Amino acid sequence: MSEARLVFDCFGGTVAVHVRGAAGRDDDEVAREARATLLDAHARLSRFEAGSELSRLNRDPREAVPASPLLRRLAAAVGTAGELSGGLVDATMLTEIEAAGYVASLAPGLGAPPQRVVAPFSSPACKRRQSAWHSISVDEEAGTVVRPPGVKIDGGGIAKGMLADLVAESLEGCEAFAVDCCGDLRLGGGSSRPRRIRVEDPFGGEPVHELSLATGAVATSGTTRRAWLGPDGRPAHQILDPRSGRPAFTGIVQATAVAPSGLLAEVNAKAALLSGPEGAADWLPFGGVLVHDGGEVEVVGAQRTAPQPAATP
Amino acid sequence: MDPIERHEKKRDAWRRLLAQRQRAGMLRGRVIAISLLCFGLLWAVVFVQMATGNDPVLSAKSGANATATATAKRTERHRARAAEAEAAAEPVEPEVEAAPEPEFEPTPEPEIEPEPLSTGQS
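If you're matching them up, the sequences are chains H and E in order. To convert a position in the first sequence, counted from 1, into the working numbering, add 423. To convert a position in the second sequence, counted from 1, into the working numbering, add 9.
Excised from the complex, chain H in its bound form (with noise of 0.2 Å):
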C-alpha cells in the first residue's frame, strides 16, 4: 500500500505530508486536511506579512494580546525554546535579525549561494544578559497572550518544528506519516518500519550522512542556506548570537538533532550550532550530525534505538 504524499510551497520553502493507513479515512484526504492546517498556520504565524496575526501581536501596544490558541502556543513554545536551551535559543530577537538585512522572506538558495563561509573569528555564542523570552507568559484562561509591549517574536525554526508537532498530534492514528516542515521533520505512526532521512550537505553537495528514524523528530539548523551579504560585504545569516545580536560564527555550519518532538529537535539543533564544536554534541542526546566550517562532518550519538515520542515540551 502506497502512501499519499502532498508537496506543497509553506513557510518560505517546501513542505511536504505523507500519510499511509489512516484510520477509517482516504489517506489524501487526511493529508489535504494537514496541508490546510499548515497553509492556514503560515498565514497566521509569518512575520512577512503584515497582516498576519504574529505582525499584528508584535504591533499591538497592549501588554495582554488575545490571541488564537495557536498564536498563544507559539509564544509558549518561544518560552519553552528559552528554558530548554538556557537562552541560546532566543526568539525575541526580531528587531536584530532585520537589523542584519533578514527583513524578506528568503527562501534557501534564492541569497548567496551555499559556501564555505570564512569567518574572521569564531566563538561559541552565549545567552542575552536580558532576555525577553522570559516575559512572555500565556493566560490560557483569558486566552491572551502577555509579554511587555515591544517584545517581539520571531517564529522562524521555532514555529515548523512546533507546528510539524501539531499536524503530528492530528495523524496519530494513521499507520504511518511524517511531515516535512522545510527540513524539519516529525515521523510517527503505528508501523516500526523506520524511514531513511538523508541529512543535506549545507554546501549544496551529496547528503553527508543518513540517518533511520520511526518515530521521533529531525530537525536542522544552519547558516549556509539563508546567508546573504550583510551591508559591511561581510556574510550574514539567520542564526543570531543573543548576546552580539549579530550572525553567529561557532566554527559549526550545521546541525541536525534527533528528538522525541519537532520542538525539541528545532531547540536541540540550535543549541548545538550557537555551542561551537566544544559544546554541540553535549546538546545533542538522542543523536545527530555537525558539520564543521572545515567540511568535516561530524556524527554524534550512534542511534541504536528510536526516541519515543514524548509530549510536546
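The set of hints was computed from the structure by calculation and includes no laboratory data.
Taking CB as the label site, the calculated pair distances span:
| # | chain 1 | residue 1 | chain 2 | residue 2 | range |
| --- | --- | --- | --- | --- | --- |
| 1 | H | Leu-462 | E | Ala-89 | 51 to 61 Å |
| 2 | H | Gly-628 | E | Glu-122 | 16 to 26 Å |
| 3 | E | Pro-125 | H | Phe-471 | 22 to 32 Å |
| 4 | E | Pro-125 | H | Trp-651 | 23 to 33 Å |
| 5 | E | Glu-122 | H | Gly-627 | 23 to 33 Å |
| 6 | E | Pro-125 | H | Gly-566 | 35 to 45 Å |
| 7 | E | Glu-122 | H | Asp-655 | 43 to 53 Å |
| 8 | E | Val-55 | H | Ser-615 | 43 to 53 Å |
| 9 | H | Ser-491 | E | Glu-122 | 36 to 46 Å |
| 10 | H | Arg-621 | E | Val-55 | 56 to 66 Å |
| 11 | E | Ala-92 | H | Pro-617 | 36 to 46 Å |
Take a look, some chain H residues computed to stay more than 12 Å from chain E by CB distance:
| # | residue |
| --- | --- |
| 12 | Phe-431 |
| 13 | Ala-473 |
| 14 | Ser-475 |
| 15 | Val-488 |
| 16 | Thr-503 |
| 17 | Ser-546 |
| 18 | Pro-547 |
| 19 | Thr-567 |
| 20 | Pro-571 |
| 21 | Glu-592 |
| 22 | Ser-667 |
| 23 | Gly-724 |
Just so it is clear, the structure is predicted and the values come from calculations on it, not from any experiment. Ideal Cβ placement from N, Cα and C applies to all residues, glycine included.
Given the coordinates of chain H, work out where chain E should sit on it, guided by the hints.
Same frame as chain H, but now just chain E:
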C-alpha cells in the same frame, strides 16, 4: 495344365491369401494395442494430475497449491483434534461441523519501503 499342377497352384494361392490375412490381422492388432496403451497412459497422467489438485484449468497455480495446503492443514488439524479427544478422559461432544474455511488465504500486501526524506536547513 494337368489336374495335379492346377491343384498345387490353388494351394499356393490359398497360402498367400492366408499369409496376407495374417499380416493384416497382426497389423490391426498392433494398431489397436498401441492405441489402447496410449489412451491408458494419457488417462493415467490426467488422473494423477487431477488427483493431486493440479488442475490445469485453474489459472492460479498458487490457488491450487493453497487448496492442497489447506486440505492438508485441515487433515492435520482433524488428526490433532482426534488425538486430543482420545487423550481426554471426559466424553467429547460430537464435533460440530465447522464453517467452511476460505479456500484461498488472503495474501498480505508487500510493505513498500517508505519514501526517504531529507533534512536540511529550515
